[in-house]
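Chemist: Given chain A's structure and the hints, the job is docking chain B onto it.
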Amino acid sequence: MQIYLPIAEVSVNLFLLLGLGGLVGFLSGMFGVGGGFLITPLLMFIGVPPGVAVATGANQVVASSISGVLAQLRRKGVDFVMGTVLLIGGLTGSFIGVQIFAYMTALGQVDVFVQLSYVFFLGFIGATMFWESARAIWRNQRQGAQQIRRTQGHSWMHSLPFKVKFRKSGLFISILPPLALGAAVGILSAIMGVGGGFILVPAMIYLLGMPTKVVVGTSLFQIIFVTGFTTIMHAVNSQTVDMMLAFVLIVGGVIGAQIGSRMSTRLKPEQLRILLALLVLAVSIKIALDLLLMPTELYSVTRLVLP
Amino acid sequence: MKALLLALVLSVGPAVAEESLVTGLSRDDVQITADFTGSDILVYGAVRRNSPAPQSPPMDVIVTLEGPSSPVTVRRKERIFGIWINRSAVDLADVPSYFAIASSGALDQILSPEDDLKHQISLARRLSVTKITANSMDFSNFLRATQRIGSDKGNYVSQQNGVKLAEDTLFRADFALPANLTEGDFSVRMFLLRGGRVIDVKAQTIDVRKTGIERQLTNMAHRQPLLYGILSLLLAAVAGWGASEIFRIWRR
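Sequence order for the protein chains is A and B. Under numbering that gives the first Met the number 0, the first residue of the first sequence is numbered 0, with each subsequent residue one higher. Under numbering that gives the first Met the number 0, the first residue of the second sequence is numbered 0, with each subsequent residue one higher.
Next comes chain A alone, as it looks inside the complex:
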């Protein structure tokens, strides 16, 4: 059954869209990532114009993140204080990121810039997470004891001013590292058109030393607002949010998110992390190959929308 998308101006199979939304929602609920780094390339692959894919992807991520946060909330897995601090940094960073994006667009190299960002950040984070979780699993199997080693922040982090008690995370640290982290993720999310969960989740675990239990919910909480902001920006600036496409993706996504967050309670944290690491690595390798291998079609046609 085909459905015509009014803003994208393409006709797509309804069940294919539902499936895509469901898949991304499932990952969102399971790992606490928004799924923007998956939905955007997937939409482009099925023929949705890139601008519409980025903007509508952001809108879909809002819905699956809300659904995921509500599920985590009932498990008391959201640290609102930490989420708000990250968010303040995130919105500032996203504002800076939009300026960088506009500058690269003016230079005419925004595509390569975005692709290289994907390869570099996804590759680095995927590899680090994979290595760490593989070691954790190996250690657990040898000792038979389930013990998660987390770095309680570096010593210099404890000497920074403006210390705040993050009760849910069991941390008493300066607000400066989370603010900086939020800002860095905000910059990246504006440039890469993603919520930034795949960077936020490992950074919260390894840099801030937050327990895995609250990481997913807190990350989703921050993602709701960053992607919400992105959606409005795109709707106003370029009119590229396709509500029909978003609706179908959301219906699939919210169901997927619920199933995903159920599943996440059944898996051990390090198993969860190794799966996310593999997924992130796979996407980064795919994009790296696109850059390295000679494309079958060297030319590309970009249609400019008439004002």
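Don't take each hint at face value.
Stated by the list, open to error - Here are the computed distance ranges between Cβ atoms for each label pair:
#1 Trp-130(A) to Arg-250(B): 32 to 40 Å
#2 Gly-81(B) to Trp-130(A): 20 to 28 Å
#3 Ala-236(B) to Leu-159(A): 31 to 39 Å
#4 Glu-77(B) to Gly-169(A): 30 to 38 Å
#5 Gly-46(A) to Gln-108(B): 34 to 42 Å
#6 Asn-160(B) to Leu-115(A): 42 to 50 Å
#7 Met-293(A) to Ser-186(B): 36 to 44 Å
#8 Thr-210(B) to Arg-134(A): 54 to 62 Å
#9 Arg-73(A) to Asp-27(B): 51 to 59 Å
Since the hints were derived computationally from the structure, they do not count as laboratory data. We put the beta carbon where it would ideally sit given N, CA and C, even for glycine.
Modeler: Relative to chain A, chain B alone:
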């Protein structure tokens, strides 16, 4: 000069009046609804004559169907430091979003280059007159790439022998419009030819428009973008919350 003009008018004039096209379309509007999957268009017509049809040269008909145009940027990738990145770019001022051409024979045999130039019948000719802003000298490669990519996507269609002639008088051409249409006026041009020369031209338009919810969403996205953005977020919030509630009830 005046004598030359008069001679031209006298020599061309009667030939134009001798044979002309009478044409029709199976439909003059296409409505894009939510379940739109494409549309079939039949272009038909007949040749009206004052005198019996000449025996030679043989009669031919070409029909073109062209969608709304817009500016495009064509980029070419080159390998730099081991990675393939966009290097040179060419801007084309107006490139049709859709172009189909059907003819009663092979195009290069029934249409002379002079008349193609004059009427801009073929897509290659049509694209060659667009305003080009290039920093590269080999823009002809970019024009060819535009045509190739359009053909691969099914937006540029060529049907040699797609026009059926009957009794040297009637003709018909069938077009299947794809689902990924850009809305706007689609122009249909019909050419009557003999010996490679165009004898008569007729043009009609097909109005391709979104209707219903498709129309409303498009209008709102462009006229009230902020409200549209907020509504999109509300939709996301309600759906996200709704699914969460439904699952909670279902679990009990």
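Chemist: State for each hint whether it applies.
Modeler: Structure-based check of all given hints:
At about 37 Å, the beta-carbon gap between Trp-130(A) and Arg-250(B) stays in the expected band of 32 to 40 Å. Under the hint 20 to 28 Å, the C-beta atoms of Gly-81(B) and Trp-130(A), about 26 Å apart, fit the expected range. Evaluation of the 31 to 39 Å hint for Ala-236(B) and Leu-159(A) yields a pass: the beta carbon distance comes to about 36 Å. Checked against the given bound of 30 to 38 Å, the beta carbons of Glu-77(B) and Gly-169(A), roughly 53 Å apart, lie outside it.
The hinted window of 34 to 42 Å between Gly-46(A) and Gln-108(B) holds, with their beta carbons roughly 36 Å apart. The hint said 42 to 50 Å for the Cβ distance between Asn-160(B) and Leu-115(A), and at roughly 49 Å that hint holds. Checked against the given bound of 36 to 44 Å, the beta carbons of Met-293(A) and Ser-186(B), roughly 39 Å apart, stay inside it. The supplied range of 54 to 62 Å is met by Thr-210(B) and Arg-134(A), whose beta-carbon atoms lie about 60 Å from each other.
The hinted window of 51 to 59 Å between Arg-73(A) and Asp-27(B) holds, with their beta carbons roughly 58 Å apart.
Of the numbered hints given earlier, the model fails hint 4 alone.
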